[in-house]
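Whole structure, please, built from the sequences with the hints as guidance.
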Amino acid sequence: MKFVDEYRDASAAHRYAEAIARIATRPWVIMEICGGQTHSILRHGIDRMLPTGVSLLHGPGCPVCVTPAEIIDAAIGIAGEPGVIFCSFGDMLRVPGEGGSLLAAKARGADVRIVYSPLDAVTIARANPRRQVVFFAIGFETTAPTTAMAVAQAAREDLGNFSLLVSHVLVPPAIEALLAAPDNTVQGFLAAGHVCTVMGVEAYAPLARRFGVPIVVTGFEPVDLLQGLHLCIRQLEEGRAEVENQYSRSVRAEGNQVARQLIRKVFEIRTQRWRGIGEIAASGLGLAPAYARYDALARFGRVIRPSAAEGECISGVILRGLKKPGDCPAFGTRCTPEHPLGATMVSSEGACAAYYRYRRLGTSPVAAALAEEIRR
Amino acid sequence: MSDRASFAPVCPMPADAAEEIQLAHGGGGGMTQRLIEEIFRPAFAASPGELVHDGAVLELGGARIAFTTDSYVVRPLFFPGGDIGSLAVNGTVNDLAMCGAQPLYLSLGLVLEEGLPIELLRRVVASVRCAADAAGVRVVTGDTKVVERGKGDGVYVNTAGVGLVVARRPVAPAEVRPGDVVLLSGDVGRHGVAIMSVREGLQFESAIESDCAPLAGLVLAMIEAGVELHCLRDLTRGGLATALIEIAEAGKVDIRVSEAAVAVSDPVRGACEILGLDPLYVANEGRCIAFVAPEQAERALAIMRRHPLGAGAAAIGTVEPGTGMGVVLRGLLGGSRVLDMLSGEQLPRIC
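Protein chains in written order, with the numbering used here: chain R, 2 to 377; chain P, 160 to 510.
Everything labelled a hint here was simulated from the structure, so no lab data went into it.
Ideal Cβ placement from N, Cα and C applies to all residues, glycine included.
Check each hint, because a few of them may be wrong.
Cβ-to-Cβ under 10 angstroms is the rule here; a few derived chain P residues that face chain R [said to hold, decoys possible]:
1. 194
2. 292
3. 417
4. 420
5. 421
6. 429
7. 433
8. 434
9. 435
10. 490
11. 497
As structure tokens, this is what we get:
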């Protein structure tokens, strides 16, 4: 299959792993931003192909994981209103807020539907003029353009029964927050290729300069990731801190201008809470005043109050790369995909779920047996 | 930039207790397993050896009979490569075949929704007949109920089936031995992707058809040739991965599988990439795995490949003594990982 097979080629992957081993003279800490990259790294065992000194930290780039619990509770509340059809991406349904999950709300009778695109929700609204149709707009800069398209389409058709619960987040402010934190250990970043396909790479150069970290825009397949790591480590070894583009088959420096214009037209930048991390200035998107009538919170009279409850989940430290899932005492015991204590265990892109699925607990007999297997 | 106080790592998250039945309880994964362990097994005082396989083997008047039942609630009723009628026949025929039995007789229970066009019922029943003829079984009894409009999805079908066990030795996870070779009858993921593509209105360049087919012929060909089948399993809900995990658990063995040996057609791979699904966990309706002793593996594979439904058969792994690890998949890049049972349904990823 084109654009997949050549980037999963075992010999190419091993060549890059060897090249990394040749140039790495010191320990380095590198963070991949995107949950899709985390998933691919664990699935293909890429972290085990690296020299022992090079460690990978898993960033906050899982949109499902960072959506605040209070937004999920608002979603469940709106979904339970009479006559509402609530549309969401599939992997958001299992994430619990404080009042259960959308999947449980569905089991109790709410009309919750999985869609693949916000435009599907517009189609549903058009076909059901007597029902209120709400789309749960989450995700990074990758999904924001299609949300914007849906809003623009609804405005063009003057659809009065369509609205959105918006919780879009932006990557560069999150990187800035991570780097500015006093306990930061990250020395280099793999930026998320798909986000840069939309937004371009210009936002990253000031970050690389200000914090002295290399940032390599990287794809998602094994060979992409190893090539991105090779570029990043080469910069670190040579004392450079630049923005490089490994994912040039998809990313252009200026990004996708049409998509960026659409985002600028429909949204405005606002302060956003990230689940487990906290408030980050200018890190979220809300509907611009011209489109405020499509805001589901206003339409259903809901006010968001930051959730105050505390749990034993340490996903905040994990999302910031300070700990790994196996460091959590609840991991794999009290916290499993079936009984998640935190969002990072729920989403298929969450670091804990990926560790659980690909069994990476440091000291378990399973891990020991696996290590033995690899030595063989 | 936010101040440090608001940057505190806290993730409030109560456990999801799932007090109501959710769709995933019928998904064949971990949640289905829990229903069996917590509700069904205690209710029927079944021993751990019972209620694990999709069919039961019973001694009746000197004969060994395989007995099974299955309900079909597929939506849409007609999909590329099959429909609820052919599915209801093949699914039950396959459950019997996986017991090492020659499927013989089926019952047909129909739950119809008020307002269903009779013409549609005719098409479903014609499809049942056609599939039964193809599988060499007869529908000998049945039942019809009608529910109010809005209380059903058009047609629900239940079939129960009986067959005569022809395998000379038991066919069950407990019979799996270290050294056994795992044979897979063809490429995986077609049925689940075909259903999802029509259900969600996804258009792919080439239509993906369900693999829905009766596997009894394939199994009987091996038994007649003297192959001793230690265990068989059709790869329905939960796909290849779930079947392997269940057998490893029930048989108390480890199973090592090579990802490169598991065939997935390009259209199915492409669809899975787009939807964020793992083809190893996607449902099939015409594929099975067989566990055979190493000395018989080559011959069993040759017999499979001669059968039209086994043309793409391959040896995908081996059984090793149980260490509690379960199923270990050797990935395309050479690294290994443990396969885990999904807790609920696979949900399409966001990006």
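- Message: Checking each numbered hint in turn, tell me which of them this model violates, lowest number first.
- Response: Checked against the structure, the hints that fail are numbers 1, 2, 3, 4, 5, while the rest are satisfied.
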